[in-house]
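S.K.: Heads up: the sequence lines are chains A and B, in that order. My numbering numbers the first residue of the first sequence as 1 and each following residue consecutively. My numbering numbers the first residue of the second sequence as 1 and each following residue consecutively.
In short, the hints are calculated from the structure, not lab data. Keep in mind that a hint or two might mislead.
Treat identical chains as interchangeable: a pair holds within one or across any two.
When the alpha-carbon atoms are kept at most 30 Å apart in a straight line, the in silico DSBU-like pairs for lysine-lysine are as follows [as the list claims (entries may be wrong)]:
hint	residue 1	residue 2
1	K266	K235
2	K480	K394
3	K328	K266
4	K235	K480
5	K118	K328
6	K328	K208
7	K208	K266
8	K394	K118
9	K266	K480
10	K235	K487
11	K20	K480
12	K235	K118
13	K118	K480
14	K20	K328
15	K394	K487
There are 2 protein chains.
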Amino acid sequence: MNQPEREAPSLLLSAEERAKLWSVLGETIEQYVAGIRALPVSTEPEPEAVRALLRGFDFSRPMAAEEAIRLVADALARTQVHTPHPRYYGLFNPTPTTVGIAADALVAAFNPQLAAWKHNPFAVEAERHVIRELGSQFGYDRAQTTGVMTSGGSEANHTALLAALWSAFPELDAGGLRAVGAQPVFYVSAESHHSFHKASRMCGLGSKALREIPVDAELRMETSALEAAIREDRKHGFAPFLVVGTAGTTNAGSIDPLGEIAAITKRENLWFHTDAAWGGAAALVPELRPALEGIDSADSITLDAHKWLSVPMGAGIFLTRHREILEKTFHISAAYVPPQAAGIEAADPYGSSMHWSRRFIGLKILLSLAVAGWDGYAQTIRAMTKMGEELRAKLGAAGWEVVNRTPLPICCFRDGQARQASADDLETLVREVVASGQAWISTTRVRGSVPVLRACITSYRTDSDDLDLLVSSLNRARAKLGARATKRARVEA
Amino acid sequence: MNQPEREAPSLLLSAEERAKLWSVLGETIEQYVAGIRALPVSTEPEPEAVRALLRGFDFSRPMAAEEAIRLVADALARTQVHTPHPRYYGLFNPTPTTVGIAADALVAAFNPQLAAWKHNPFAVEAERHVIRELGSQFGYDRAQTTGVMTSGGSEANHTALLAALWSAFPELDAGGLRAVGAQPVFYVSAESHHSFHKASRMCGLGSKALREIPVDAELRMETSALEAAIREDRKHGFAPFLVVGTAGTTNAGSIDPLGEIAAITKRENLWFHTDAAWGGAAALVPELRPALEGIDSADSITLDAHKWLSVPMGAGIFLTRHREILEKTFHISAAYVPPQAAGIEAADPYGSSMHWSRRFIGLKILLSLAVAGWDGYAQTIRAMTKMGEELRAKLGAAGWEVVNRTPLPICCFRDGQARQASADDLETLVREVVASGQAWISTTRVRGSVPVLRACITSYRTDSDDLDLLVSSLNRARAKLGARATKRARVEA
C-alpha cells in the first residue's frame with residue numbers, strides 16, 4: 001500500500017524525490033569508489049576555506065536533498081585525508097568493503113534499536129553469531145564466547161577495564177572505588193594504546209593507576225619488569241587487577257608475549273585483556289596465527305572490525321569468555337525496560353554494554369564476512385602482509401632503515417645515512433611526501449623517544465605500483481632535504 | 001581513472017558487481033520506506049526461527065553481495081519491531097529522515113576518521129556547525145557553545161557526569177576518586193533515565209552516589225526535596241557536585257522545573273546538566289520553547305538527534321558552554337597523535353570525547369537540517385505534538401484515562417472504568433494490541449509503582465487514521481479482557 005505522501009510536514013520526501021535521491025547516492029558513492037586512485041591522497045585546506053564550504057548550509061534556507069548530497073560529497077572529496085585511498089599509509093583506517101557501505105545504509109533505513117532482543121531478534125542474533133564466529137578464530141570455545149559490539153576500540157578497551165574491575169572488586173558496584181580496600185592498579189606496555197590512559201581516568205582510577213611496563217628491543221612488554229612491578233605494587237599496598245597485552249601496537253605493530261603474560265596473570269590471579277584492535281585479524285590467516293600465540297587464554301579481547309576487517313567506522317568488538325561478569329558490570333533495571341523474554345538464551349544487549357539503544361553495528365561485519373568468506377579474508381590479509389614485506393624490501397633497497405620487527409604490515413623507518421635526523425627533519429620529510437598528494441605517511445616515536453617515519457598497509461587495494469610511488473616520493477623528499485641541508489651548511493661556512 | 005579491478009583478493013567487487021549492489025540497495029530501501037505502512041508493526045518470531053535465518057550466513061561459503069542484502073532485508077522486515085512504522089508508539093525511536101539514510105551511506109563510503117581536525121576538517125567543522133546551531137536554539141551563546149557527538153544519550157549523559165566530576169574535583173585526574181576528600185554524590189529525579197545509574201557505576205562512584213529525588217503529582221522533580229537532600233548530604237560529609245534536570249522523561253514526558261534547578265545549582269555551586277535527549281527538540285518550535293524555560297542556564301545538555309530530530313541511530317549530542325572543562329576531562333597525548341594544527345580554532349575531536357577514531361555522526365544531522373530547514377522541523381514537531389493532543393482526546397472519548405500532563409506527545413493511560421487493573425492485566429492488554437500487528441505500545445509505571453499503558457508519537461508519518469487504529473485496537477483488547485474476566489467471575493461464582 002504505497003500511500004500518496006502528504007504535502008507537509010516537510011521531513012517527508014515524495015516518492016519522486018526519494019527515487020532521485022537513491023540514484024544520486026549510488027552515483028556519488030560509485031564515483032568516489034571507482035575514482036579514488038586518481039585523487040591526491042590528501043590536500044591541506046585552509047580552515048577558512050573549509051568554513052566557507054559550510055556557509056551553504058544555512059538551515060533557514062532549505063535545499064533539495066540531492067543538491068545537499070552533491071555539496072557534501074564534493075566537500076569531503078576536496079578536503080579529507082582519503083583513508084580509503086590505496087596510498088593512504090597512515091593509522092589503520094581501511095578502505096571500506098563495498099557491502100559494508102551498503103550495510104550501513106540498510107541499518108539506517110530499518111533503524112533497529114538494539115537495546116532488547118524482542119525489539120530486533122535478528123539483529124541481536126546476527127551480532128551474537130559474528131561474535132561467536134570471531135571468538136572461535138581466537139581459539140575461544142564458540143558456545144562460551146560472548147561480548148558486545150562497540151563504537152570502536154576505545155570503548156572496547158574501556159569495557160575491558162570495567163569488566164576487570166567488576167571481576168576483582170564487586171563491592172564497587174554499590175560503594176564505588178572509595179569502598180574498595182586499596183587503590184586498584186593495572187599494567188600495560190609503554191607502547192600500548194592511549195585509550196587505556198583515558199579509560200583509567202574515566203573509571204575513576206586516575207592516571208596514576210596505569211603502570212607502563214617498559215618494552216624490549218622488539219618493542220614487546222618486558223615480562224620480567226611486569227612481574228617486578230606487580231610484586232612492588234603488592235608490597236606497597238596497591239591492588240593489581242589487570243594486565244593488558246597488545247597484539248599489534250599502533251606505533252609499530254609489535255605483539256607482546258601473550259603466552260607469558262597469560263601465565264603470569266594466571267599465577268597472580270589477574271584479568272588478562274588482549275588489545276588486538278588491528279592485529280587480531282591475523283588470526284584469520286593460518287600462517288600468521290602463531291604470532292598471536294596465547295591469545296586464547298585472554299579473559300577478553302578487543303578487535304576492531306573497522307581496522308583490518310575493513311568494514312566502515314565504527315565497529316569495535318569486545319569479546320570475553322565471562323558472560324556473567326559482563327552482565328554484572330552493566331546490569332540495569334527501569335520501569336520501561338522490557339522484561340527478558342523467557343526461553344531466550346541470548347541476553348538483551350543493553351545488559352552487557354554501556355548503551356541502551358544503539359546502532360546495529362554488526363550488520364556490516366556479518367555482510368562483509370558473508371560475501372568475502374573466511375577464505376576471502378585470509379587471502380586479503382595475506383596479500384596485505386606480503387605488501388608490507390615488499391615495502392620493507394623496497395625501503396631497504398633505497399637506503400632506508402626499517403627499525404621495527406613484526407609480521408604485520410607496518411614499517412617504522414629512518415634514513416640509513418642520516419640516522420640521527422631530528423624529529424623536525426622527519427616532519428619536514430613527511431610534509432613533503434604528504435604535500436605531493438602521492439601518499440600519506442606520518443611520524444611517530446619508538447622506545448619512548450626515537451623519532452621515525454611510519455607507513456602501514458591499510459588498504460586492500462594497495463599494490464606494488466603504489467609502493468613504488470611511496471618510495472620514490474620519499475626519495476625525492478630526502479634529496480630535497482639533503483640539498484637544503486647542504487645549502488645551509490654552505491651558507492654557514 | 002577507473003582502473004580495471006584485479007581478480008583477487010576478494011574483498012574487491014568488480015564495477016559490475018558494485019553497480020548491481022547499489023541498484024539492489026536503492027530498491028530494497030525504497031521498498032521498505034514506501035511499503036512500511038502495509039507491514040504489521042511487529043511480529044513475535046520464535047528464537048529458533050530467527051536462528052534458522054542466520055544459518056544461511058556460513059562464512060565458509062561466500063555468497064553474492066546482492067543475495068546477502070536481500071536475505072538481510074527480508075529477515076529484518078519479517079522479524080523486527082518496525083520502529084519506522086507510523087503506528088509504532090513505543091520508546092522514542094523515530095522514522096528516520098530519507099536524507100539521513102543517505103548520509104549514513106556516504107559516511108561509510110568516505111569513511112572519515114574523526115580523531116583529528118587535519119584528517120577531516122570538513123567533518124569536524126560540520127559537526128561544530130551543527131553543535132553551535134543547536135546550542136543557540138537552547139539559548140546558548142553561539143560562539144561559546146561546544147560539545148561532542150556521541151553514540152547516543154547514554155554516552156552524552158556519561159560525558160556530563162565526567163565533565164561535572166572534572167569541574168568539581170580536578171585532583172581525580174591523577175589520583176582517581178580515592179584522592180578526593182569526600183564521596184561525591186549527585187541528584188536526579190526518580191523519573192530520570194537509567195543511564196545515570198549505569199554511568200554512576202562506570203565512573204567509579206558506585207550506585208549509591210546517585211540520589212533519586214522524589215517527583216510531584218506531575219512527575220517533576222520536587223525542588224524542596226532536592227534542597228533538603230543537598231543539605232543533608234553536606235551535613236554528613238558527602239560532596240554534592242551535580243544536579244540533573246530532565247526535559248522530557250522517557251516514561252511520561254514530564255519536564256523538571258529547570259529554572260528552579262538552575263537557581264539552586266547556582267547557589268550551591270553545582271554543575272547543572274539537562275537531559276533533553278528527546279524533549280529538547282521542542283526548542284525548535286516557538287510555542288513549545290517556554291516549556292523548557294531555564295535550559296539556557298544549564299552547564300550542559302544532552303540532545304539525541306536520533307530521537308525527535310528523526311535521524312537514524314546513533315546520533316547523540318553533548319552540548320556545553322565549558323569547552324575548557326570538556327578538554328580537561330578528555331585530554332590525551334601519544335606519540336602518533338598528530339600535533340594540533342596552528343591557527344585552527346576548533347579542537348581535535350579526540351580531545352573532547354571518549355573516543356579516538358569514530359564515525360562522522362554529524363553528517364546525518366547536518367543533511368536533515370539542511371533539507372528540512374528550521375521551518376520544516378518546527379512544522380514536523382508541531383504536527384507530532386498535535387497528534388499527541390488528538391490521541392489524548394481520542395483516548396478520553398473512548399473511556400481511557402490519561403494520567404500524565406505534558407506538552408510533549410506521550411500518553412500514559414489506563415482504563416477509566418478499571419483503574420485498579422493489575423500490571424498483569426495491562427500486560428495482557430498490550431500483548432493483544434501488539435499481537436494484532438496494528439500498533440506497538442508498552443506498559444510502564446509512574447510514581448514508582450502505578451502501572452499504566454504508554455503510547456508516544458514517534459513517527460512524522462503518523463496521522464489521524466493511525467490514531468483511530470490504535471484506539472480501536474485498544475478498545476477491542478479491553479473488551480476481550482473484560483469478557484474473559486466476566487467468564488472467570490462466572491466460573492468462580
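S.K.: Going through the numbered hints above, which ones does this structure break? Give me the numbers in ascending order.
M.R.: Of the numbered hints, 4, 9, 10, 11, 12 and 14 do not hold.
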